[in-house]
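Novice: Sequence:
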Amino acid sequence: MTDKQIQLIYDKECSACHFYCQIVRIRQSIGELVLIDAREHPEVLQEITAQGLDIDQGMVLKMNGQLYYGSDAIHLLALLSGRSGVFNRLNYWLFSSKKVAAILCPILRYCRNVLLKILGKTKINNLKQEDNDRF
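The sequence shown begins at 1 in the numbering used here and counts up by one.
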């Protein structure tokens with residue numbers, strides 16, 4: 001990873017997360033956004049697990065050696081994002097406020113979990129919690 005790379009670690013099997021990650025953009029002057037599927041990169045997931053972060057319940061943004069999780073990650077992405085396109089403007093408008101991000105993210109996470117339960121998806125369960133393999 002170079003200094004200008006910003007890693008966004010997420011579960012690619014989650015269609016909502018994958019859609020978000022494919023469409024969000026950061027300003028070129030900030031750096032390069034590198035998307036990482038947590039299921040395919042256990043070496044990256046190891047650092048997240050060591051911090052006690054549950055990847056099944058939130059994305060992780062790694063920037064300058066610092067990990068940002070859940071609503072903090074989404075909030076920071078909104079601040080770093082370009083304003084081109086309807087999605088990125090909406091993303092900025094909704095999540096540039098840390099308070100609004102903290103309110104909206106649990107609601108969106110609940111909807112995501114319901115979707116994944118309906119789709120029968122399995123969890124990554126990086127924290128190795130018992131009976132925690134399905135949404």
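Take the hints with a grain of salt, since some may be wrong.
[Said to hold, decoys possible] Think about it this way: if two alpha-carbon atoms lie no more than 25 Å apart in a straight line, the pair counts; the simulated BS3-like pairs of lysine-lysine are:
| # | residue 1 | residue 2 |
| --- | --- | --- |
| 1 | Lys128 | Lys98 |
| 2 | Lys128 | Lys12 |
| 3 | Lys4 | Lys128 |
| 4 | Lys62 | Lys12 |
| 5 | Lys62 | Lys128 |
| 6 | Lys123 | Lys62 |
| 7 | Lys62 | Lys4 |
| 8 | Lys12 | Lys117 |
| 9 | Lys4 | Lys123 |
| 10 | Lys121 | Lys99 |
| 11 | Lys121 | Lys4 |
| 12 | Lys117 | Lys128 |
Derived by calculation from the structure, the hints in this document are not laboratory data.
Novice: Each hint should be assessed against the structure and marked as holding or not.
Specialist: Structure-based check of all given hints:
For the suggested pair lysine 128 and lysine 98, the alpha carbons sit about 30 Å apart, so the restraint of at most 25 Å is broken. For the hint pairing lysine 128 with lysine 12, the CA-to-CA distance comes to about 19 Å; that is within 25 Å, so the pair holds. Pair hint lysine 4 plus lysine 128 does not hold up; C-alpha atoms about 32 Å apart against a cutoff of 25 Å. Between lysine 62 and lysine 12 the alpha-carbon distance is near 17 Å, which keeps this suggested pair within the 25 Å criterion.
Distance hint between lysine 62 and lysine 128 is fulfilled; the C-alpha atoms sit about 22 Å from each other, no more than 25 Å. Distance check on the hinted pair: lysine 123 and lysine 62 sit about 21 Å apart at the alpha-carbon level, within 25 Å; holds. Of the pairs offered as hints, the one joining lysine 62 and lysine 4 holds, with about 11 Å between alpha carbons and a cut-off of 25 Å not exceeded. Among the hinted pairs, lysine 12 with lysine 117 is consistent with the structure: their alpha-carbon atoms are about 15 Å apart, no more than 25 Å.
For the suggested pair lysine 4 and lysine 123, the alpha carbons sit about 31 Å apart, so the restraint of at most 25 Å is broken. Between lysine 121 and lysine 99, the direct Cα distance comes to roughly 30 Å. Violation of the 25 Å bound is thereby established for this hinted pair. Taken as a hint, the lysine 121 and lysine 4 pair is broken in the structure, with Cα atoms around 34 Å apart against an allowance of 25 Å. Simply put, lysine 117 and lysine 128 have alpha-carbon atoms about 19 Å apart, close enough for the 25 Å limit, and the pair holds.
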